[in-house]
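Construct the complete structure from the given sequences, taking the supplied hints into account.
Sequence lines, in order, name chains D and F. Following numbering that gives the first Met the number 0, the numbering of the first sequence begins with 0 at its first residue and continues without gaps. Following numbering that gives the first Met the number 0, the numbering of the second sequence begins with 0 at its first residue and continues without gaps.
It cannot be assumed that every hint is accurate.
For identical chains, the list gives no copy identity; a pair is met inside one copy or between any two copies.
[Said to hold, decoys possible] In silico DMTMM-like links for lysine to aspartate or glutamate, alpha-carbon gap of 25 Å or less: (1) 39 / 249; (2) 275 / 37; (3) 61 / 196; (4) 17 / 220.
Rather than coming from a laboratory, the hints here were simulated on the basis of the structure.
Protein chains: 2
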Amino acid sequence: MEVVSLNKCFGGTQGVYKHHSTVCQCDMTFGLFLPPGEKKKPFPVLWFLSGLTCTHENAMTKAGAQQKAAELGMAIVFPDTSPRGKDVPDDDDNYLGQGAGFYVDATQKPWNKNFKMWSYIAHELQEEVISNFPVDQNSQGITGHSMGGHGALTLALTMPETYRSVSAFSPIANPTNSDWGQKQFAAYFGTNSKLPEQHDATLLLDRNGYPGEILIDLGSDDQFMDLLRPDAFVSVMENTGQKGTFNMREGYDHGYFFVTTFINDHIEHHFRSLQK
Amino acid sequence: MEVVSLNKCFGGTQGVYKHHSTVCQCDMTFGLFLPPGEKKKPFPVLWFLSGLTCTHENAMTKAGAQQKAAELGMAIVFPDTSPRGKDVPDDDDNYLGQGAGFYVDATQKPWNKNFKMWSYIAHELQEEVISNFPVDQNSQGITGHSMGGHGALTLALTMPETYRSVSAFSPIANPTNSDWGQKQFAAYFGTNSKLPEQHDATLLLDRNGYPGEILIDLGSDDQFMDLLRPDAFVSVMENTGQKGTFNMREGYDHGYFFVTTFINDHIEHHFRSLQK
Numbered sequence: 000m001e002v003v004s005l006n007k008c009f010g011g012t013q014g015v016y017k018h019h020s021t022v023c024q025c026d027m028t029f030g031l032f033l034p035p036g037e038k039k040k041p042f043p044v045l046w047f048l049s050g051l052t053c054t055h056e057n058a059m060t061k062a063g064a065q066q067k068a069a070e071l072g073m074a075i076v077f078p079d080t081s082p083r084g085k086d087v088p089d090d091d092d093n094y095l096g097q098g099a100g101f102y103v104d105a106t107q108k109p110w111n112k113n114f115k116m117w118s119y120i121a122h123e124l125q126e127e128v129i130s131n132f133p134v135d136q137n138s139q140g141i142t143g144h145s146m147g148g149h150g151a152l153t154l155a156l157t158m159p160e161t162y163r164s165v166s167a168f169s170p171i172a173n174p175t176n177s178d179w180g181q182k183q184f185a186a187y188f189g190t191n192s193k194l195p196e197q198h199d200a201t202l203l204l205d206r207n208g209y210p211g212e213i214l215i216d217l218g219s220d221d222q223f224m225d226l227l228r229p230d231a232f233v234s235v236m237e238n239t240g241q242k243g244t245f246n247m248r249e250g251y252d253h254g255y256f257f258v259t260t261f262i263n264d265h266i267e268h269h270f271r272s273l274q275k
Numbered sequence: 000m001e002v003v004s005l006n007k008c009f010g011g012t013q014g015v016y017k018h019h020s021t022v023c024q025c026d027m028t029f030g031l032f033l034p035p036g037e038k039k040k041p042f043p044v045l046w047f048l049s050g051l052t053c054t055h056e057n058a059m060t061k062a063g064a065q066q067k068a069a070e071l072g073m074a075i076v077f078p079d080t081s082p083r084g085k086d087v088p089d090d091d092d093n094y095l096g097q098g099a100g101f102y103v104d105a106t107q108k109p110w111n112k113n114f115k116m117w118s119y120i121a122h123e124l125q126e127e128v129i130s131n132f133p134v135d136q137n138s139q140g141i142t143g144h145s146m147g148g149h150g151a152l153t154l155a156l157t158m159p160e161t162y163r164s165v166s167a168f169s170p171i172a173n174p175t176n177s178d179w180g181q182k183q184f185a186a187y188f189g190t191n192s193k194l195p196e197q198h199d200a201t202l203l204l205d206r207n208g209y210p211g212e213i214l215i216d217l218g219s220d221d222q223f224m225d226l227l228r229p230d231a232f233v234s235v236m237e238n239t240g241q242k243g244t245f246n247m248r249e250g251y252d253h254g255y256f257f258v259t260t261f262i263n264d265h266i267e268h269h270f271r272s273l274q275k
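Here it is, written out as structure tokens:
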């Protein structure tokens, strides 16, 4: 693993690291914030999954997450959103490929060689982070923004024993019923696959529920509301009696000025949930 | 004036605006944050001047200034660092031209047509902001980072009646004795000019002093320490008995992870100073 950069921030260290990913068959970059402290015991850790077009860098520099994480003593991982490189397929025009991994393991060519973001996040980077940094593998939460909110919800709803707390900002909540999802699932899984059902937060919540409280924030002026389908997710929360909070934030939109406004609430949610 | 974008942030509004600059002879873009509130009286306002290579956007998205500004009820202006456009001269290789306005009015060709950043900040944008937004022209502070710290200090030391509070992050503090300054001053003013002395914070402090307290933060691991020359400025502070605080922050470097760590201290400094 290569250290790309280390910057002191709120008394802790914001690092950027590069490593070779076996599952994605390319080099991958991620950010990791470690809070200040004597590391007498490993830190609880929050995974922040980013949205379409983002790299590891967007949330790391714009979300303003480090201040509260430093105060509470939490680590944060900022993974990239897809495999990268000149040999990795791409289709910018259709929100497919680089920057659009959708947190799934693709089965269809040309994507199936590199696009294994589910396995990368849930297993490979998980092991890399746990084995190299002072973070507590029994105290992990996951959040994300937009496509990353979709990733956070689907990973937590599938692996609640790993991701013991979950939240999301403006998540793609019902991708089997949205242009942000159907198109990507068709490309990555083919048109006759059952796999999309395993990567739809609304369907997963209906089937599995989640043992903890789910926190979701969404701006009432989100310009992508029709693509996110929060209504479907909220209906299932209500119908199944799922514990949690869905905040519609008046006047906020889809961007990072919205995320940074409520990031502290989310970090506190994870910190509280992981202490239980 | 054209509204480029408006985003709700911490209950206030982060706007980006474009207007034609008469002094710079090009369109200029700036950010302005307005805190929440009923605007019964105009808000105190802080100017944040950015560093080499930056636009209006860097501090606006990375400094994390909006939270504290919203809490205290302060507006913040994020100007660009130079004129821009295909007809505006540039010399990236030498840190001259676009992104490197140095907050001076150039007298030498080819720069003297557009590069009037002193007049732009101190007069033209000043009037634009005061006349279009609910900000109090009698309650203005100024801060900045690196080249912007130089701009903030030199503007405040020259016009203390306008800029009633001042601070800086990692400022270029003695540019007549540094490669970051001598080269630009030679290009913008010519080699036999007395103008550089009017744009050197250390010389201005020695000559004028400042009626308020000056706050400066600098990282002990700043990779550009030799170019910033903080030692010269601190010497004059000590020799002249200038009120203020110079914090050397152990282990921090020159970047925005440093700025965001201490931005709240600076905003509080300005808020307190402007209440006096």
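Against the structure, the hints:
1. 39 / 249: The answer is between: 22 Å across copies meets 25 Å, while 42 Å in one copy does not.
2. 275 / 37: within (23 Å within a copy, 41 Å between copies)
3. 61 / 196: Neither way: residue 61 and residue 196 sit 32 Å apart in one copy and 37 Å across, limit 25 Å.
4. 17 / 220: between (37 Å within a copy, 23 Å between copies)
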